[in-house]
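S.K.: Given only the sequences and the hints, what does the whole structure look like? Please build it.
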Amino acid sequence: MAIAMAAAGGALAVPKAVSSRRAAPARLEGVPRYAHIFVILAENKSYDEIIGGANAPNFSRLAKAYGDATRFYGEVHPSEANYVALLGGDTFGIHDDDPWFCKTGATDPACLNASREHPYPDHTVHSPGLSDQLNAAHLTWKGYYEDLPAPGSLAYIASDPAISDGTRFTALYAAKHSGFTNFASVQGDPNRARRLVGFDAFEADLKAGRLPNFALIVPNQCNEMHGLVGARVPADCEGHNTAGLIRRGDAEIGKLVAEIQATPMWRSRQNVAIVLTFDEGLPGERTGCCGVTPDQPSNYGGGHIPTVVITNHGPHGLADATPYNHYSLLRTIEDAFGISEHLGHAAQTDKGVVPMTALFGG
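For the sequence shown, position 267 (counting from the first letter as 1) is numbered 267 according to the working numbering, and the numbering increases by one without interruption.
Hints in this document: simulated from the structure, not taken from any laboratory.
Any given hint could be a false lead.
Taking lysine-lysine pairs in the DSBU-like style, the calculated list, with each CA pair at most 30 Å apart, reads [to be verified]:
hint, residue 1, residue 2
1, K207, K255
2, K64, K207
3, K64, K255
M.R.: Right, here's the structure in full:
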């Protein structure tokens, strides 16, 4: 597929690496130690639109067969800050979809809100993230992004000329749905081209049996239920075709799950989890839990979203009504990899942020 891309760059300020620490005990907060966790992120749908709905048979089947987090919430609207929250434990003031290189005073046309928001946050995060924690623990990680234009690319959009009209609204890949790209330590990582890769690398890693300990897997904007807007956009990717988007995304994500479950790794004795979740719920829905701050524009609660936890040795047929959000999921991932220090809001047990112990087989 031919891809046209847009990017911006400049000098990168890279935070100091998280210091390496001896591995924590194998079971933290009752969460078993995991060898692999794969998070597949979809877009902009509420719990009631997906679970039990006729257009999402794979999500509904997997939720019933494995683990259904029935009260899981986003942090804010729109998308980008929720990805950052999952990987960093905070939204860092971000509450728009401007690219990672935008900051106060930015004049790049891609930084749409730089002159509208006061204060305007730096969209590059200079605090440690999950990637730094995994590096310090000598664990491997990757971001697999469908239609990423090249390994390690910092392009903020990439489009198929067959459907593109030259705007961000027809971009199959969008860095706002990356998460990792927002972190300065990832931007400056000398191994970035091996860590931020496309779905071709995902297929190769599946075939070779070399999947990382942690992976964030993000389909393109047609296949993650986000949708595009343009004259040549396929009907089931058109942004207002909610039923078509859900059917298309459910089928594509169902295939990804089936591919992981077909590996020898899934059939091994080691613990493996696949988490299906979303960034945010319906626009305007401001419900949330667990470390959110309703009076702040970047962390007020992003709506009730579907989250399904699929494990090879964990519970089956479990519906867990504990309130969770992306901070809870981050804390659980940290626990599952033996990382005892929790990032940002993931550390706030006093605010109700707890690990998803039951869903991971505690």
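S.K.: Hint by hint, note whether the structure agrees.
M.R.: A quick look at each hint next to the structure:
1. K207 x K255: Holds, at roughly 15 Å.
2. K64 x K207: With a Cα-Cα distance of about 29 Å, the restraint between K64 and K207 holds, given a limit of 30 Å.
3. K64 x K255: holds (18 Å)
Checked against the numbered hints listed earlier, the structure breaks none of them; every hint is satisfied.
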